[in-house]
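**Student:** Each chain, written out:
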Amino acid sequence: MRKYVFLLITLVFILSACEKSDNQTFTQSEDDYFTYKVDKNINSFDVDENGILYYLTFNAAEDHVEYILKTLDSKGALLNTYPITETTNKIVYGDGKIYYFDNSSGTASLYEFSLAKQISVKINDFTDYSAISQMEVIGDKLYFLGINQKNINKDYSLAEINDRFTYSGETLGCIDLNTGTLTELAVEFPISFSKAFDDNLVIYAYDENGGYYFIEYNTHECGFSKKTYHKIDMFNQFKIYNDKKDFIYIKLNLTTPLTSASIDPDKGEIELVPYFKGGEMICRGDYTYSINIDATQIVRIKNSSYICGKDKITMINTDFYEVFQPFGCGYTIEQKFLTDEEMALSLLSQDKNFDICLMNSKQTISANIRDKGSFYPLNEVEGVKEYLEACFPYIKDAATNSDGDIWMLPIAVDMPVIFYNENVGSEYGIELTDSIGLEDFFSIISKFNENTELENLYYYDKVSIMNNFFYQYLRSYPDFNNPTFEKLSKLIKKEMKYSEVRSIGNVNLMFNFSFYKEDNFIFMYNDDSSYQLGVSERNNIRACGLPYITDDKTNVATCLFLCVNPESKNLKETLQYTSSLCGYLQTLKDTMMFKDRNIYPQGNLMDDLYNIYTNGDIQFTLPDELFMDDFTLYLKGEKELQDVIKDSNRRLDAFLTE
Amino acid sequence: MKNHSILRKQEHKRTRHKLKWNTKCKLCIGLSMIGTLIFFVIPYIRVLYYSLIDNQFRRNFVGISNYIDTLSNKYFLLALKNSLLLIIICVPVLILLALFISLALAYGIKRLRATRVAFILPMLLPTASIVLVWRMLFQNNETVLPIYLLFIWKNIGICIILLTAAFTSIEQEMFEAASLEGTNTYQLHRYITVPLIAPTILFTILLSIVNSFKVFKESYLYYGGNYPPENSYTLQYYMNNNFLKLDYQALATGAILTSLLIFIIVLGGLVLQRRYYK
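Order-wise, the sequence lines are chains S and E. Mind the numbering: the first sequence is residues 1 to 658 in this note's numbering, read in order. Mind the numbering: the second sequence is residues 1001 to 1278 in this note's numbering, read in order.
Bound-form chain S, shown alone (with noise of 0.2 angstroms):
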């Protein structure tokens, strides 16, 4: 009996050493993200199967440019050094061999370079091809993606009108490289491939009628599968990772995160590294190579290290913010857009289904999930605690509930901002300080009204600035019969006027200011605070917050936030990645939401910014209906102000008190 209880409690011993830790939180080592030391001009790379890591240089000299080949191992030390004659920018390794091609004289000249010899010999000449951006080696054939001039005025049509998809005669090719003979692919409009473990060739292709697809070839038969059209939108490259042929990409959003997908669509997709910007790709084994995109640094990632979680995490959304998306930080997030019925319903059935709610405190839902408590409290979540305490203290207030609970996670706060040039501003008349009064502003918006020089100097947006004003007039009081209320109504129905059209000015002052740091305005509204970040070390523009028409002195701001499903099916997994998206957060600290002065630029614009976002208050919406909708008619002159004011009493008082 000793004995079996002996191997009993034996086995379970060594049984929970094999279990591996779910709650081990993962920390980054120099194994999972590697920097190569490598020379700055990098042009292109391949890795063997062994980790030997081989990759092309020049030195542009005088009178001619030196390609050199040198080669790592796979901790960074160099190994060999190689001197190629030809003029390249592109390599593949095969089989002890380097392939590459020479488009010098115009011609594609593909060249084999042997390691071992150190010698190259020319393979063939391929007079229509060009800009040969991809290479594969797969036994005695190298496949190639390259321009085909015979096909670079080829027609196309799209298959989906917002489709970012363009053809410029882009051809799938097949070389034999006993023979040099060339067979082009079957495939019409090819956009990149990649090798699978199966040595089969995954292409991802455009088709008019379907949009984008994978098509797999089959290297030995020569034959293709059946087209899975996908909903992955464009990028220029994938390599396949596993052999279940999941593939790692670049995704063109927000964050440019790497990603890892599957080429079944209903599988989801993981975010593994934020704003990767890398270029040229290589998988082996279990790590993913990439050259970033200045050409300067060649890195490599463990693609288990990165991936977690065995579920997807479900996030609902109403269709408020369709594009947005916080980062994966390695989990499988499957988003759902529900109606506001809709997420009601889940909400209240306490629907086991879905784990996150994502949401905007402009929704009329988002207070209510604090005052029903549909919330999991993330109080002993790790890294929460931290991460509130680096947030502004009022965002923290935001998060935290009569209880002390904490019942959402805020992601990013938004605040309405003024960006002023002053000097522009007194050429014209037109003073702008750091705080603005409502009848300047009034005035202000009143010269732009009546001087057309200034249109194309000013920029806002009518709604969001009136919500902002009821905003701050409803955090104040408690209903619309208030001398103040009929004040700002008739000065908002004289200056800013009824109007289908919510943006008033030049619509493009905003991208000029980003895009080509044009300053030459007076005016311009914006309340993204991503875009503010991104505009924040233009030193000569200063910013201001909308003027407050209460003794509320605080500026309104809006947060996007998680809270967590307490009916969760997937809730370990959930708080998990919670716990991670903090840690993101924090790290890259790319939203306004920090009270460290420190982790922003430099400058006198972000000062201003600092300390608009600073003195915030968020705020959670009401219903439109109550009064915008009434309002509306006021500016249209199809209702009367008293009326207004009547039935607008009459709806909040409903909807506080029913």
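By construction, these hints were calculated from the structure, which means they are not laboratory data. Hints may contain errors.
To be verified - These stretches of chain S come out as covered by chain E in the derived footprint (C-beta under 8 angstroms, 3 or more residues): (1) 346-355; (2) 361-370; (3) 624-634.
What the hints assert, rightly or not - Cβ-to-Cβ under 8 angstroms is the rule here; a few derived chain S residues that face chain E: (4) Asp340; (5) Phe655; (6) Thr657.
Ideal placement from N, C-alpha and C gives every residue a C-beta, glycine not left out.
Use these hints to put chain E onto chain S, whose structure you have.
**Tutor:** Same frame as chain S, but now just chain E:
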């Protein structure tokens, strides 16, 4: 002896047949009862439970506190008043109109019979399209009249069908026999028609009352929002708005109180019917 044995066998056969029949009936009713249990009784008990706790996540028992809050909420009371007004004003008008038209269809005007399909049409038309027409007819009218009229117009069809069926099911021989006895028209209807169709009238009244609690879609579309003029704010609005505010306790309490009200009205109707027959 032999006859006795045959009789016993026949009796046994009859009992077995009866048992089989009873089993079949129980099976049929049982299936229906399971459905009712799953889709009505259990959810109802759950709603009742939610009306007695503070929050569906914390689940602290608060007794009748939610009921006290709801019964002292001025908007619940306003909604209750408006819902009862709808019953008091519209249901009698609806039943009288339906009775009158049914009587005409069953015994009177032949030409009216040709138009009887028209009375069913409001039931078939989508509410959204009816409301569009209604808004054109009652432009800028913020009184409750359009909703009352819409309710009557939408529900009159089913009332007419039920009452006409009841009228036409009365055997003609009864009227002929009574006529031979020398009864006049008033007495005919007073002592034959009304007693025979009374259960149908009661059923029609109860159905109309239940339907009156469901006047929401029409009102919501007509006023275009969750906050109609005060005179049109009914119990459905109260519950719908609390649903959108995630206030499950107010919603559950409102639902329980509304169901109790309907239950009391139906029970009252049944008591009246029994008294009438006694």
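**Student:** Are Thr657 of chain S and chain E close enough, Cβ to Cβ, to be under 8 angstroms, as the hint says?
**Tutor:** Hint holds; Thr657 of chain S Cβ to chain E Cβ min 6 angstroms, cut 8 angstroms.
**Student:** Go check the stretch 361-370 of chain S versus chain E for me, would you? Three or more residues, Cβ under 8 angstroms, otherwise it fails.
**Tutor:** holds (count 4)
**Student:** Counting residues of the stretch 624-634 of chain S with a beta carbon closer than 8 angstroms to any beta carbon of chain E, are there 3 or more?
**Tutor:** Since three or more residues must qualify, the claim that chain E covers the stretch 624-634 of chain S holds, with 3 doing so at under 8 angstroms.
**Student:** Report holds or violated for chain E covering the stretch 346-355 of chain S, Cβ cut-off 8 angstroms, minimum 3 residues.
**Tutor:** holds (count 3)
**Student:** Classify the hint on Phe655 of chain S as holds or violated, based on whether any CB of chain E lies nearer than 8 angstroms to its CB.
**Tutor:** holds (7 angstroms)
**Student:** Holds or violated: Asp340 of chain S as interface residue toward chain E, Cβ cutoff 8 angstroms?
**Tutor:** holds (7 angstroms)
Of the hints listed earlier, there is not a single one the structure fails to meet.
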